[in-house]
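Novice: Residue numbers (our numbering), protein chains in the order written: chain V, 1 to 235; chain F, 1 to 784; chain G, 1 to 86; chain S, 1 to 86.
Simulated from the structure, these hints should not be mistaken for lab results.
Owing to the predicted nature of the structure, the values given are computational and were not obtained by experimental measurement.
Backbone N, C-alpha and C fix where the C-beta goes; we use that ideal spot for every residue, glycine too.
It is possible that some hints are incorrect.
[To be verified] If you want the footprint, here are the derived chain S segments under chain G, 3+ residues with CB under 8 Å:
1) 22-32
2) 35-44
3) 50-58
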Amino acid sequence: MTPRVGVITFPGTLDDVDAARAVRYADAVPVPLWHADADLKGVEAVVVPGGFSYGDYLRAGAIAAQAPVMRSVIEAAHGGLPVLGICNGFQVLCEAGLLPGALLRNAGLKFVCRDQWLKAENTSSAWTSRYEPGAEILIPLKNAEGRYVAADSVLDELEGEGRVLFRYIGSAGDDAPPNPNGSLHDIAGICSADGRIAGLMPHPEHAVDPLTGPTDDGLGFFLSIVDFLEGAKVR
Amino acid sequence: MNTQVSIVVDPVEPDTVERARATAGQDQPYRELGLKDDEYLRIREILGRRPTAAELAMYSVMWSEHCSYKSSKVHLAYFGETTTDEMRSHMLAGIGENAGVVDIGDGWAVTFKVESHNHPSYVEPYQGAATGVGGIVRDILAMGARPVAVMDQLRFGPADAPDSQRVVPGIVSGVGGYGNSLGLPNIGGEVVFDESYAGNPLVNAGCIGVLRAADMYTAHASGAGNKVILYGSRTGLDGIGGVSVLASDTFAGDGNAGAGSNARRKLPSVQVGDPFAEKVLIECTLEVFAKDLVVGIQDLGGAGLSCATSELASAGDGGMHIVLDLVPLRAENMSPAEILSSESQERMCAVVTPDKVDAFLEVCAKWEVQADVIGEVTDSGRLVITHHGQVVVDVPPRTVAHDGPVYHRPIQRPTGQDALQANTSDILPRPAPAELGELVLKMVASPNLCSRAWVTDQYDRYVRGNTVLAQPADAGIVRVSEDSFRGLAMSTDCNGRYTMLDPYTGAQLALAEAYRNVITTGATPTAVTDCLNFGSPEDPAVMWQLSEAIHGIADGCAVLGIPVTGGNVSLYNQTGATAILPTPVIGVLGVIDDVRRRIVPGIGHDDGETLILLGETRDELDGSEWANLIHGHLGGLPPKVDLEAERLLGEILLAGSRDGMVSAAHDLSEGGLAQAAVEMCLTGETGARLVLPAGADPFVALFSESSARVLVAVPRTEELRFTEMCTMRRQPWARVGVVDADNPDGKFLDIQDVARISLADLRTAWQGTLPAIFGPAILGSADL
Amino acid sequence: MARVAVDVVIKSEILDPQGKAILAALSRTGHPGVSSVRQGKHFDLEVDDTVSDGDLEEIAAQLLANAVIETWTVTRLPAETTGEGR
Amino acid sequence: MARVAVDVVIKSEILDPQGKAILAALSRTGHPGVSSVRQGKHFDLEVDDTVSDGDLEEIAAQLLANAVIETWTVTRLPAETTGEGR
Ligand SMILES: Nc1ncnc2c1ncn2[C@@H]1O[C@H](COP(=O)(O)OP(=O)(O)O)[C@@H](O)[C@H]1O
Ligand SMILES: [Mg+2]
Numbered sequence: 001m002t003p004r005v006g007v008i009t010f011p012g013t014l015d016d017v018d019a020a021r022a023v024r025y026a027d028a029v030p031v032p033l034w035h036a037d038a039d040l041k042g043v044e045a046v047v048v049p050g051g052f053s054y055g056d057y058l059r060a061g062a063i064a065a066q067a068p069v070m071r072s073v074i075e076a077a078h079g080g081l082p083v084l085g086i087c088n089g090f091q092v093l094c095e096a097g098l099l100p101g102a103l104l105r106n107a108g109l110k111f112v113c114r115d116q117w118l119k120a121e122n123t124s125s126a127w128t129s130r131y132e133p134g135a136e137i138l139i140p141l142k143n144a145e146g147r148y149v150a151a152d153s154v155l156d157e158l159e160g161e162g163r164v165l166f167r168y169i170g171s172a173g174d175d176a177p178p179n180p181n182g183s184l185h186d187i188a189g190i191c192s193a194d195g196r197i198a199g200l201m202p203h204p205e206h207a208v209d210p211l212t213g214p215t216d217d218g219l220g221f222f223l224s225i226v227d228f229l230e231g232a233k234v235r
Numbered sequence: 001m002n003t004q005v006s007i008v009v010d011p012v013e014p015d016t017v018e019r020a021r022a023t024a025g026q027d028q029p030y031r032e033l034g035l036k037d038d039e040y041l042r043i044r045e046i047l048g049r050r051p052t053a054a055e056l057a058m059y060s061v062m063w064s065e066h067c068s069y070k071s072s073k074v075h076l077a078y079f080g081e082t083t084t085d086e087m088r089s090h091m092l093a094g095i096g097e098n099a100g101v102v103d104i105g106d107g108w109a110v111t112f113k114v115e116s117h118n119h120p121s122y123v124e125p126y127q128g129a130a131t132g133v134g135g136i137v138r139d140i141l142a143m144g145a146r147p148v149a150v151m152d153q154l155r156f157g158p159a160d161a162p163d164s165q166r167v168v169p170g171i172v173s174g175v176g177g178y179g180n181s182l183g184l185p186n187i188g189g190e191v192v193f194d195e196s197y198a199g200n201p202l203v204n205a206g207c208i209g210v211l212r213a214a215d216m217y218t219a220h221a222s223g224a225g226n227k228v229i230l231y232g233s234r235t236g237l238d239g240i241g242g243v244s245v246l247a248s249d250t251f252a253g254d255g256n257a258g259a260g261s262n263a264r265r266k267l268p269s270v271q272v273g274d275p276f277a278e279k280v281l282i283e284c285t286l287e288v289f290a291k292d293l294v295v296g297i298q299d300l301g302g303a304g305l306s307c308a309t310s311e312l313a314s315a316g317d318g319g320m321h322i323v324l325d326l327v328p329l330r331a332e333n334m335s336p337a338e339i340l341s342s343e344s345q346e347r348m349c350a351v352v353t354p355d356k357v358d359a360f361l362e363v364c365a366k367w368e369v370q371a372d373v374i375g376e377v378t379d380s381g382r383l384v385i386t387h388h389g390q391v392v393v394d395v396p397p398r399t400v401a402h403d404g405p406v407y408h409r410p411i412q413r414p415t416g417q418d419a420l421q422a423n424t425s426d427i428l429p430r431p432a433p434a435e436l437g438e439l440v441l442k443m444v445a446s447p448n449l450c451s452r453a454w455v456t457d458q459y460d461r462y463v464r465g466n467t468v469l470a471q472p473a474d475a476g477i478v479r480v481s482e483d484s485f486r487g488l489a490m491s492t493d494c495n496g497r498y499t500m501l502d503p504y505t506g507a508q509l510a511l512a513e514a515y516r517n518v519i520t521t522g523a524t525p526t527a528v529t530d531c532l533n534f535g536s537p538e539d540p541a542v543m544w545q546l547s548e549a550i551h552g553i554a555d556g557c558a559v560l561g562i563p564v565t566g567g568n569v570s571l572y573n574q575t576g577a578t579a580i581l582p583t584p585v586i587g588v589l590g591v592i593d594d595v596r597r598r599i600v601p602g603i604g605h606d607d608g609e610t611l612i613l614l615g616e617t618r619d620e621l622d623g624s625e626w627a628n629l630i631h632g633h634l635g636g637l638p639p640k641v642d643l644e645a646e647r648l649l650g651e652i653l654l655a656g657s658r659d660g661m662v663s664a665a666h667d668l669s670e671g672g673l674a675q676a677a678v679e680m681c682l683t684g685e686t687g688a689r690l691v692l693p694a695g696a697d698p699f700v701a702l703f704s705e706s707s708a709r710v711l712v713a714v715p716r717t718e719e720l721r722f723t724e725m726c727t728m729r730r731q732p733w734a735r736v737g738v739v740d741a742d743n744p745d746g747k748f749l750d751i752q753d754v755a756r757i758s759l760a761d762l763r764t765a766w767q768g769t770l771p772a773i774f775g776p777a778i779l780g781s782a783d784l
Numbered sequence: 001m002a003r004v005a006v007d008v009v010i011k012s013e014i015l016d017p018q019g020k021a022i023l024a025a026l027s028r029t030g031h032p033g034v035s036s037v038r039q040g041k042h043f044d045l046e047v048d049d050t051v052s053d054g055d056l057e058e059i060a061a062q063l064l065a066n067a068v069i070e071t072w073t074v075t076r077l078p079a080e081t082t083g084e085g086r
Numbered sequence: 001m002a003r004v005a006v007d008v009v010i011k012s013e014i015l016d017p018q019g020k021a022i023l024a025a026l027s028r029t030g031h032p033g034v035s036s037v038r039q040g041k042h043f044d045l046e047v048d049d050t051v052s053d054g055d056l057e058e059i060a061a062q063l064l065a066n067a068v069i070e071t072w073t074v075t076r077l078p079a080e081t082t083g084e085g086r
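Given the sequences, and given the hints that come with them, work out the whole structure.
Specialist: Structure representation (structure tokens):
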């Protein structure tokens, strides 16, 4: 029985097609979830994709966090449903209180799209088990509000519990600084204490095929969750 | 203006058709609305009375240069005359439709277009550029296509001019802010800096859409009784600055309305874009297409409802009745003229059969898109518009949409043209061989040749996962769909300096470069669009440039065997009396049957690959970037154009791509061989050794801008086969170097006997320029 | 040292997409009593006594607001207020 | 109908690059007298009488501001003010 992974579409969501494709590439079944529909259709995991939900005019993810589908996701997540928020999805999870901290305007004040090198820090989460500790991957980064901030106490907790999934370590082919947006501790992604709820600013779903992305380094996230759901991986 | 105040003061008596009959003599502010005396008289003739305020608003905006092409029409006709049936064979829709549509096989069709939004972008850079993108995307959507990619062609004053600090970042973030929010990958464009654009930047935006050939829609309203549905954003006072004279005029003397209208007088004709509303509009529209719920559809762009209703009606059964009271408004007590002229963004107009109206409204409700039936199609042959139960418009729609004035403007080759062409670059001192290395660094760092990453890094090129090539490639390539390897390639180009020296040849050189950019990726050019940016049509010299350019493009397309499927004309681009450089931006669309065989621009595939220069290099530096940067000189004649040679190049590269004989390729344009070599090295992060042809003047070899040239990297194993093919087909070629991938002492571009420059130095020079002027796009924690 | 608040809002006749999106969200989340929302920018400035009201006006017009589409108000705040809720 | 202004500012310990950029621009353009700029958001709401201060607080806390990073003030405005400079 192949795992069924929900992919949420809010009005203004853009990367749902990409997320669904990535789920397919990992031999799971993508199940479209609609913002106004609280029904999770019995999916075993959920991806909250990138985009500009409801325009993102107020605060990225702020309005989406209150959508009917998110109320169900929040409840299910507290019950252990694995959830991955990518870019806008990460912002939504923070606004929804499923992950600590917040994502603010890039330090450079501009939308940035580039191929970004990341270093794997936590490879035991439900979404990152396929990566080797310390592995360096190259996947697209594209956002205007990707600067991760949180109170020092929260940062200490994240570091202490090893909940930083990936850190920024540099970009491909230019002299720009390794940290593209001023995120504290160079944080690109984090997870919940139980490793099931993950948020990542860069876009693994855009790096599942070298034909259309810089690499296929992003596939690991989707293969990891399939392993997790199939219980293939003893954690 | 002395209006018959006694009749017009009362705001409760709007300017109805009835009243227009009763007050035949009333003065109307048609001049303020840009109508000439004879044009106004023609309107009175058509109607057999004076137009109402609302009718005057419609005619004046629809008969404007922008909507009616009154100065360019007679010249654009030449495109039709020169397009043969064979060229037309793949064309499903051409000039006249919202956008051209071409059949690309497998049941797929493609629609594409480039449009200008120059003046609004100077007034309000961010919003002007943003709404420019929004407008072209709705054009493509209106053909029944899913928009799949956008492009932008930007031209600014000197990068270091003070006003560029306001204009450049604003326009770039506007293009990005809107396009990124729509989820459309940006796959290419241009950035050019030249004094002539200082007071009049050019913001052209392009969009490509994909549809099943069978599903094409057109803007027509047929079937009496069918409903007209306006959907999308509400209608507000956006962009009606000009029309407000009608309000103030009609309501002259009335205290409140007077005050209100004076306020409106000051309305900036600026519109604010709502990309979220447009994204939802796209998905909503694609769903009503998929469910086959529409008969005809039209986007609302310039001229808003005036344009949509009159064009839909005249393209259909010729009659339509609209009830303005049903139009959802964003502002209070808008006059009929204001409602009809509003340029509020993110709106579409659909014609729907009565039985499908509910289904249509349901889809809109699902996407939370406002939708209202505002009228219906009739067979009256007239466009009748009512407001508060009174008829405010009653016109034959064709006379508004299509029977606008046509001008045969005087044409005059500028007196200074001969002098300009006589002033060649021969007089310019050329660098000594020892100075060439330094010149290479200086050239790659110049605003016109440096890396565009500062711009393109602000654009999403990945969204939807079909982008196979984007910057810094010669042409962008997207897959038509995920379950197909068929792809579309597109490039747009124009060198206004060449066009200034010789509009006919310059336009052909633009066509040639766009064509060359497409073939360089391994794709086959299929169709052409243009965006003709020129100065004032009232200047005979400008009209000469325009007609020369059009002839150049059309004749060029005939040689290349690809049709012009549509375009856009933007006139009055000038500061005071000085026009911009004539800028006919040419877009060439290509098709590639299998995107996996695309040719990339960066070397590094394999060490020791041979670098081969295809094409002939002549001493052609008039109008070159070298003459511009080093000497601030513009004169002489542009490089020779040879479209047959470009065509042959296309065949060579196609074969090279099909049979895996070419591992990388980059076309030569501004900056010549030096620029191309540097870009291939930096893009591939791989060094190379150049050996200039024996006996060649190294300066000319490196910096001449002769056309029909491409630099290719060929795997050793394929070299013989490739060069024999070239020789056999009479394609001029020369071995000019090798890929130097694993040089122990590092990565260099080593130009034998000239200079050896490290890629690090080249990268710093190439990438440093725009961030230094406009501020780094990326600030690391260090900078905080 | 004086504290100055500058509020910048989009001109009333010009579309405010942000306000529109927020209003829609409010009605979805059960706040029908709100009939209009306009989103603008709020700036907290600290200035010394060399900065005249004229200077402030210029700063607002030149840098903080975009006169083409926005209007603004400049308010000098009594020293002690912090402009922050909690 | 009542008019309400909600001002939202980023907590002082969190970096505000917009404010920094504006401050830099101010000193470049000859306004040394300005020593600090913080950029926040300003909301103009129109609400009917069913909307209590409690509701407004909730609206601000739940939607308009994010307590993790921002603080806010809610001010009911006297009916006539327009909140716009000119
Ligand atoms: N305004 C822009 N928007 C998007 N892409 C751009 C823009 N300007 C330049 N580019 C891209 O940067 C690359 C280099 O541009 P350019 O040197 O003008 O290409 P070429 O000389 O081959 O036409 C190309 O891929 C081009 O499409
Ligand atoms: Mg090129």
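Novice: For every hint, state whether the structure bears it out.
Specialist: Here is how each hint holds up against the structure:
Under a criterion of three residues with beta carbons nearer than 8 Å to beta carbons of chain G, the stated coverage of the segment 22-32 of chain S is upheld, 6 such residues being counted. Under the rule that three or more residues need a Cβ within less than 8 Å of chain G, the assignment of the segment 35-44 of chain S holds, with 10 such residues. Counting residues of the segment 50-58 of chain S whose C-beta sits closer than 8 Å to any C-beta of chain G gives 3, which meets the bar of three, so the coverage hint holds.
Comparing the model with each earlier hint shows no violations; every hint is respected.
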